[in-house]
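Q: Residues per chain are reported as follows:
Number of protein chains: 2
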Amino acid sequence: MKPMGPIPPYFEVRAGQLVLAGQPFSHWLAQVETTPAFIYDMGVVRQKVAAFRAAMPSEVSLHYAVKANPLPALIRAMVTEVDAFDVASGGELERVLAAGAAAEQISFAGPGKRDAALEAAIRAGVTINLESESEAARALSIAARLGVRPRLAVRVNPDFDIKGSGMRMGGGAKPFGVDAERVPDLVRQLVDAGADWRGFHIFAGSQALDTEALIATQQATVKLAADLATQAGVAPPSVNLGGGFGIPYFPGDTPVDVERIGAALNATLAPRPEILRDTHFHIELGRWLVGECGVYLTRILDRKISHQEVFLVVDGGLQHQLAASGNFGTVVRRNYPLAIASAMDAPGDEEVSVVGCLCTPLDRLGDKVGLPHAEPGDVVAIFLAGAYGASASPMDFLGHGPAEEMLVGV
Amino acid sequence: MKPMGPIPPYFEVRAGQLVLAGQPFSHWLAQVETTPAFIYDMGVVRQKVAAFRAAMPSEVSLHYAVKANPLPALIRAMVTEVDAFDVASGGELERVLAAGAAAEQISFAGPGKRDAALEAAIRAGVTINLESESEAARALSIAARLGVRPRLAVRVNPDFDIKGSGMRMGGGAKPFGVDAERVPDLVRQLVDAGADWRGFHIFAGSQALDTEALIATQQATVKLAADLATQAGVAPPSVNLGGGFGIPYFPGDTPVDVERIGAALNATLAPRPEILRDTHFHIELGRWLVGECGVYLTRILDRKISHQEVFLVVDGGLQHQLAASGNFGTVVRRNYPLAIASAMDAPGDEEVSVVGCLCTPLDRLGDKVGLPHAEPGDVVAIFLAGAYGASASPMDFLGHGPAEEMLVGV
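Going line by line, the protein sequences match chains A and B.
Per my numbering, residue 1 is the first one in the first sequence, and the count goes up by one each step.
Per my numbering, residue 1 is the first one in the second sequence, and the count goes up by one each step.
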């Protein structure tokens with residue numbers, strides 16, 4: 001058998017049944033009336049928010065990176081949970097505005113912003129994290145045409161990344177942000193042009209599980225912000241410290257220690273340089289807030305034996321859970337945590353592969369994992385489906401259609 | 001600079017402009033009124049069909065594997081080009097029926113067929129390629145309830161795969177089909193149950209570029225079909241020989257030699273065992289038929305320099321072209337062929353990386369490729385976008401929305 005990642009510790013089990021928001025999984029499936037389905041438990045998100053608030057200095061605000069899960073119901077529920085939203089496209093901006101977030105609560109990053117999206121953002125009054133000097137020129141020109149004073153921050157390409165992060169987004173040549181050494185000039189241009197300069201956005205990586213590396217990155221980020229502000233000769237109203245807190249997906253992964261991060265950040269911010277004295281600090285999290293709240297439930301359609309191996313063929317697949325199949329951003333395929341949702345207490349003593357319904361060998365959701373004996377009709381739960389699942393998968397592939405999504409425990 | 005794959009030889013260039021179906025790319029972009037867009041040239045598909053017909057024995061019919069590109073306009077155009085369609089879901093079945101294909105022209109494979117999809121297929125009278133004994137039992141039971149004689153073929157998990165194929169779909173334990181040694185029993189059961197047994201579906205792999213390996217696989221497939229039929233004691237009306245013809249994506253890739261394959265298949269079929277004398281043979285192709293007909297056109301939004309490297313940020317990305325970003329079914333990222341669509345004759349003397357508009361380092365469409373100097377507003381053409389592009393990518397990811405798709409040269 002091959003190992004699986006750890007099941008998130010947030011779910012109850014009652015009489016062997018997986019429980020979400022106080023009800024067995026079958027209760028929620030009866031409501032959505034089909035499988036496969038993503039069930040997101042807002043109670044888990046609230047626990048994560050509470051852990052963040054308890055650990056972090058009170059002056060640090062919490063942003064939700066909408067790209068992790070843009071379900072409208074989830075965004076609406078987030079309006080009262082987080083302090084602000086980060087969007088990555090005009091489409092996400094529309095959703096967040098529709099959910100009732102105030103424009104001052106929204107910032108917009110992304111290396112390829114169309115003029116139409118810039119215009120929508122400037123009209124709405126959201127903060128634009130500028131990714132290049134030419135994007136700055138476009139934004140200023142659009143704002144001038146509209147007669148609006150734009151809220152503009154500068155996304156910085158730092159000269160470091162988060163050691164050991166799943167995705168490096170800083171350090172060396174990158175498509176994101178402006179190289180640090182060119183940032184002070186750009187800031188002065190923005191201020192001189194009369195823009196409402198909002199500060200810096202410094203995002204060095206994502207899906208990091210190394211607490212010490214996250215602490216070191218935050219220290220470097222605060223120092224970089226102070227240096228850039230000093231060189232520009234102007235104090236930044238805000239600094240987005242990035243995010244990058246990972247969640248455990250695979251065997252051996254352990255959660256980040258937010259209490260240690262919070263204590264270290266407090267120690268970093270307390271004696272900070274004078275130029276950052278009145279600066280507002282933000283941390284932007286997507287995956288860490290919502291990744292663990294979601295479970296993808298998919299029903300077994302067939303149980304087959306081929307050359308002595310057991311295959312459980314399910315009605316879902318990589319068209320909804322691309323990352324779980326090992327085909328998105330991973331080099332070596334490893335198993336997400338899986339379970340039989342009606343036999344959570346039973347020993348996983350049968351070696352099976354869980355495969356999706358697609359006609360491709362890529363569609364493998366569990367490779368030689370140990371599960372309790374299961375039959376057609378039983379439901380497989382694939383955990384860690386709250387972030388980069390439904391919206392980050394090729395839902396049209398092979399024409400089975402999208403999965404249902406439901407937010408519970410609101 | 002890193003190399004790119006070969007640009008397919010099917011497109012004209014006129015005054016430096018990429019030409020599709022007799023018109024410069026800009027003509028088609030004006031019609032779709034936006035970028036990014038997929039333009040599919042039906043003329044290229046017809047050339048591939050003609051090459052197949054010229055090379056293959058006339059008794060071998062040509063199936064289109066709809067999963068490669070399920071655009072309704074393309075399926076409609078295929079009705080008069082190919083002999084039959086293979087579908088992989090109830091959704092694809094609906095599209096092919098809506099396009100006007102006759103039920104006798106359709107077969108349905110896929111390891112996880114829902115009861116509703118089986119029922120729709122049986123009602124319509126299409127051939128179902130059974131993937132397991134339990135699926136056979138479900139199909140017979142549904143047919144009995146409907147009072148219909150079902151058209152059933154058996155998908156065989158062969159004990160071989162195509163040497164060097166991009167995706168192995170046979171050989172050893174697999175979720176596809178029934179292990180060869182259990183097939184004769186299942187065939188007898190189907191015949192005894194009064195089903196209209198249609199024969200075998202034997203699919204050993206896909207995206208193979210090794211002509212000799214494809215020839216050897218077809219020889220093994222014909223032999224296996226004869227052996228299984230002999231053991232079952234009944235002649236198969238049809239044998240689907242699979243497909244697996246690849247197309248060149250990457251540096252060093254060369255096309256398969258269909259003429260040699262055709263000659264070898266002729267030599268295999270001419271002296272075939274008596275039990276296959278009246279059998280109808282099919283080859284099922286998706287990628288090989290349509291992969292080269294498509295070009296993904298995406299406009300440059302920004303040209304940035306970071307640490308001396310040039311990045312062209314485009315308005316498309318992996319949300320439409322996941323495979324080109326190296327994130328679908330590939331371990332080592334390599335470059336698809338790319339060009340500046342308005343400068344096809346100019347030397348590619350600038351090293352650039354072409355990145356999509358998504359806020360993730362995964363969104364890289366060309367890594368350190370050599371292109372002519374290009375500026376915002378210019379259009380990047382990414383070739384080999386006709387198969388497994390629009391429908392096999394996470395179009396909702398980051399909320400930029402789907403790309404336009406247009407079939408031209410019909």
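Any given hint could turn out to be false.
[Claimed, not checked] Derived DSSO-like pairs (lysine-lysine); straight-line CA-CA distance at most 30 Å:
hint, chain 1, residue 1, chain 2, residue 2
1, B, 2, B, 368
2, B, 163, B, 223
3, B, 2, A, 368
4, A, 163, B, 368
5, A, 163, A, 223
6, A, 163, B, 2
7, A, 2, A, 368
8, A, 163, A, 2
9, A, 2, B, 163
10, B, 2, B, 163
Source of the hints: derived by calculation from the structure; they are not laboratory data.
Note that this is a predicted model, so its numbers are computed, not measured.
Q: Indicate, hint by hint, whether the structure satisfies it.
A: Verification of the hints:
1. 2(B) with 368(B): Given pair residue 2(B), residue 368(B) holds - Cα atoms ~6 Å apart, limit 30 Å.
2. 163(B) with 223(B): Status holds; Cα separation ~17 Å.
3. 2(B) with 368(A): Answer violated: residue 2(B) to residue 368(A) is near 37 Å, above 30 Å.
4. 163(A) with 368(B): Given that 30 Å is the threshold and the Cα spacing comes to 24 Å, the pair holds.
5. 163(A) with 223(A): Since the Cα atoms of residue 163(A) and residue 223(A) sit roughly 17 Å apart, the hinted pair holds (cutoff 30 Å).
6. 163(A) with 2(B): Judged against 30 Å, a Cα distance of about 27 Å means the pair holds.
7. 2(A) with 368(A): Answer holds: residue 2(A) to residue 368(A) is near 6 Å, not above 30 Å.
8. 163(A) with 2(A): holds, 28 Å
9. 2(A) with 163(B): OK: residue 2(A) and residue 163(B) at ~27 Å, within 30 Å.
10. 2(B) with 163(B): The given pair, whose Cα atoms are some 28 Å apart, holds under the 30 Å limit.
Consistency with the previously given hints fails for number 3 only.
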